[in-house]
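Participant: Here is how the chains run, residue by residue.
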Amino acid sequence: MNFRSECRKIKRTGFLPAFIAGGFLAGAVPVLNMLFRSANYIKPDVNPVEVLFMANWQTMALLNILLVLEGACILYHTEYTDNAMQRMRTLPFNESGLFINKFLLVLMMCTILVAIEAAAIGFCCEHWFGGTVIHGAAGYMHICIEILESLGYSLLLVLPAALLSLFIASICKNMWVSLGIGVLCIFTATMLPADNFVLSLFPFAMPFQILAGTAPDTVYNFITACIAEIIIILLAEMLFLKARRSFE
Amino acid sequence: MNIIETSNLTKSYAGFFAVTELCLHIPKGKVYGFLGPNGAGKSTVMKMLLGLTRPTKGSFVIDGKRYPESRIEILKEIGSFIEAPSFYGNLTGKENLEIVQSILGLPASAVDEAMELTGITQYKDRPARKYSLGMKQRLGLASALLGRPPVLILDEPTNGLDPVGIHEIRTLVRSLPQKFDCTVLVSSHLLSEIELMADNIGILNHGHLLFEGTLNELRQMAALRGYPYDNLEDTFLAIINDDNMQRSGIK
Amino acid sequence: MNFLSLVCVEFKKIRRSKIILIMFIAAVILWIPSIVNARLNFKMDDVGISPENNYMIQGFLGMAWFMFPASMIVGIVLLNQTERGNRGIIKMLSLPVSTVKLCLAKFTVLLSLAAFQVLILTIMYYASAAITSRIQDYNFILPPLFVFKEAGLFFLAAIPMIAVFWLLSVFIQTPVFSIGTGFASIVPSVLMINTKIWFAYPMSYPLFIITYEYGKLADNMEASQPKLIPWIPVAAGITFVCIIISCLCFGQAERK
Numbered sequence: 001m002n003f004r005s006e007c008r009k010i011k012r013t014g015f016l017p018a019f020i021a022g023g024f025l026a027g028a029v030p031v032l033n034m035l036f037r038s039a040n041y042i043k044p045d046v047n048p049v050e051v052l053f054m055a056n057w058q059t060m061a062l063l064n065i066l067l068v069l070e071g072a073c074i075l076y077h078t079e080y081t082d083n084a085m086q087r088m089r090t091l092p093f094n095e096s097g098l099f100i101n102k103f104l105l106v107l108m109m110c111t112i113l114v115a116i117e118a119a120a121i122g123f124c125c126e127h128w129f130g131g132t133v134i135h136g137a138a139g140y141m142h143i144c145i146e147i148l149e150s151l152g153y154s155l156l157l158v159l160p161a162a163l164l165s166l167f168i169a170s171i172c173k174n175m176w177v178s179l180g181i182g183v184l185c186i187f188t189a190t191m192l193p194a195d196n197f198v199l200s201l202f203p204f205a206m207p208f209q210i211l212a213g214t215a216p217d218t219v220y221n222f223i224t225a226c227i228a229e230i231i232i233i234l235l236a237e238m239l240f241l242k243a244r245r246s247f248e
Numbered sequence: 001m002n003i004i005e006t007s008n009l010t011k012s013y014a015g016f017f018a019v020t021e022l023c024l025h026i027p028k029g030k031v032y033g034f035l036g037p038n039g040a041g042k043s044t045v046m047k048m049l050l051g052l053t054r055p056t057k058g059s060f061v062i063d064g065k066r067y068p069e070s071r072i073e074i075l076k077e078i079g080s081f082i083e084a085p086s087f088y089g090n091l092t093g094k095e096n097l098e099i100v101q102s103i104l105g106l107p108a109s110a111v112d113e114a115m116e117l118t119g120i121t122q123y124k125d126r127p128a129r130k131y132s133l134g135m136k137q138r139l140g141l142a143s144a145l146l147g148r149p150p151v152l153i154l155d156e157p158t159n160g161l162d163p164v165g166i167h168e169i170r171t172l173v174r175s176l177p178q179k180f181d182c183t184v185l186v187s188s189h190l191l192s193e194i195e196l197m198a199d200n201i202g203i204l205n206h207g208h209l210l211f212e213g214t215l216n217e218l219r220q221m222a223a224l225r226g227y228p229y230d231n232l233e234d235t236f237l238a239i240i241n242d243d244n245m246q247r248s249g250i251k
Numbered sequence: 001m002n003f004l005s006l007v008c009v010e011f012k013k014i015r016r017s018k019i020i021l022i023m024f025i026a027a028v029i030l031w032i033p034s035i036v037n038a039r040l041n042f043k044m045d046d047v048g049i050s051p052e053n054n055y056m057i058q059g060f061l062g063m064a065w066f067m068f069p070a071s072m073i074v075g076i077v078l079l080n081q082t083e084r085g086n087r088g089i090i091k092m093l094s095l096p097v098s099t100v101k102l103c104l105a106k107f108t109v110l111l112s113l114a115a116f117q118v119l120i121l122t123i124m125y126y127a128s129a130a131i132t133s134r135i136q137d138y139n140f141i142l143p144p145l146f147v148f149k150e151a152g153l154f155f156l157a158a159i160p161m162i163a164v165f166w167l168l169s170v171f172i173q174t175p176v177f178s179i180g181t182g183f184a185s186i187v188p189s190v191l192m193i194n195t196k197i198w199f200a201y202p203m204s205y206p207l208f209i210i211t212y213e214y215g216k217l218a219d220n221m222e223a224s225q226p227k228l229i230p231w232i233p234v235a236a237g238i239t240f241v242c243i244i245i246s247c248l249c250f251g252q253a254e255r256k
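Chains as they are written, first to last, in the numbering used here: chain C, 1 to 248; chain Y, 1 to 251; chain P, 1 to 256.
Quick caveat, the hints were computed from the structure, so don't treat them as lab data.
A couple of the hints might just be wrong.
[As the list claims (entries may be wrong)] Label pairs and their computed distance ranges (CB to CB): (1) Y:112 to C:50: 57 to 63 Å; (2) P:249 to Y:112: 51 to 57 Å; (3) P:249 to Y:237: 50 to 56 Å; (4) C:142 to P:32: 39 to 45 Å.
Beta carbons are placed, not taken as given, at the ideal position from N, Cα and C, and that holds for glycine.
If we strip away everything but chain C, and leave its shape as in the complex, we get:
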């Protein structure tokens, strides 16, 4: 199964425009927030990236997760609605390849999403903190690196949620069921207390984490847990596909 044909399958599904529009919507959050309430945030001696993340990331992350969930549902919806899945399963390749390629596709879209958000945050830093809080080329360089690091971290932490969404979507033939389960999971994630480390490892809760202002130890723990979750969900999908094949 090649990646190119996966890309071809998403034509006219609204998958691509949804991610682009979602990216701009999420990017608009910090810009609008600064536009209306910049007085609350601009103070001397603050870390602009940390301030911007603290103020906006919860909303942006929620948009990201909803988008990832919907993307995952669309990807499997096209497989199941007109029975294309059956044709796919009569072709000589492993079904797990289909899953991996869909994951790569979501990963690619998430990267674009995060890039748009990075640009928005970068713009906010430059426009509202430039000259007052950030000084000189070195200061800008430092901010750029910080933004890239933060969003790289966010990109990594959104992956377990993306995989779990795809996993759910691949199990349920009816898109509405997978969407419903996903929405319930996201809701549960927003209700979990943020100070509990174990509970915040729930894949749908992880994307709400922020790099700026977090202790390096905690960051390290989250990264380890994130990679472990990625491996576990991938294994679970392989097992599930195997089991489904032997029960049908």
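Position chains Y and P against the provided structure of chain C, taking the given hints into account.
Facilitator: Below, chains Y and P alone, put in the same frame as chain C:
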């Protein structure tokens, strides 16, 4: 030489036997007509041959490869079309075929050839969900024919087509063994249709194989057992009726 | 065909469609984190709210901010899918029923579903409060009159929001986009309630009302009294316009 052989193939769902101890012998380079009333288990057998359903018992060999060990190898040799046509509604007919083509690693010309054969070339740029039932059926057939597979499994390929379409598809199926040097397993619940396409036939009822052989052998068998044999439709009905009577007698 | 029997027909159509199940599950799941985190209710000294009030209002806040709008969006799309999925709408349009009536009947069903979910929410509140009272050895159960008043306000405030969602689903035929737009419109409501023009954004009404009630119950929080004068006319206007437009446009796409 038989290209497909099944031995004691059985599929049961919670006490209900969809297919019982089926032993099929499908000779290479022929059109094999698979005949039976609705719900006889034709689709189940075809799904098992494609690995879509796991047999409860028994195994089969396709072109010397045994299931389940060489599932992927087997799939490489089969072009298939099962039940309702399966496709991506958001993609055009051509794009649907291109996806299958790239998975099978075929040259781009294979798509044009398949579209030409099934007569969908002029509709290739229309989204598949806007196709009429007949067009969807043709699209499914085109995707089965892609890359000239040595074995073709077609489940009621003429369903939903108009008389002209039925005739075209029949002629196409009939010509495939010579054209592509392939073997065709085609199912139908109409004997009149199978009669025009197939060299060999197998009759299935309630998951049991009632007859397997050439059309002439069917006539001989009918004459021997006292079934009507001048009209094959009547022969088929008599065989099925007789079997149903015996079955209800057992119960 | 009179309106009432049309509504009955519409109710029949959602049989076995899992809409009610989804709404039920959403209202049940909502209270599970509340039971698990019940201890937090005793740490609200800085806000100055009693544990039992906090328990109820936090659950209602969760419902108003995310769960209720989300399940309404999914429910509305499912409701439309029952028509569009197997082209049932074509059959309906070929029958001697006016589309305006049909649309209104569907909207009635939708409102009943919303009322049903709020009712389940309230019942589940009592169930979970009883469980929490047992676990924490503290009486979390509030008088029914008060809780039903809150639930009633919540439902009334949600009507304009439902009308907007309904309009979106009539206009946006692709379910994926209809859901996406809906979700995207929920997220900003948390930002909107802090602005002066919150009343122009129907998606924030339920959250605003519950936040206001929260403020009233908490001693140390300012409850910004909603100004009824721009709000009620604006809300009524939005609801009315949404219903009229959706009635006029309902089924038009299928008639082209």
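Participant: Confirm or reject each hint.
Facilitator: Structure-based check of each hint:
1. Between residue 112 of chain Y and residue 50 of chain C the beta carbon distance is about 58 Å. The supplied range of 57 to 63 Å therefore holds.
2. Against the hinted window of 51 to 57 Å, the Cβ-Cβ separation of residue 249 of chain P and residue 112 of chain Y comes to about 42 Å, which falls outside the hint.
3. A hinted range of 50 to 56 Å holds for the C-beta pair residue 249 of chain P and residue 237 of chain Y, which are about 54 Å apart.
4. For the pair residue 142 of chain C and residue 32 of chain P, the beta carbons lie near 44 Å from each other, so the given range of 39 to 45 Å is met.
Hint check: a violation occurs at hint 2 only; the rest are consistent with the structure.
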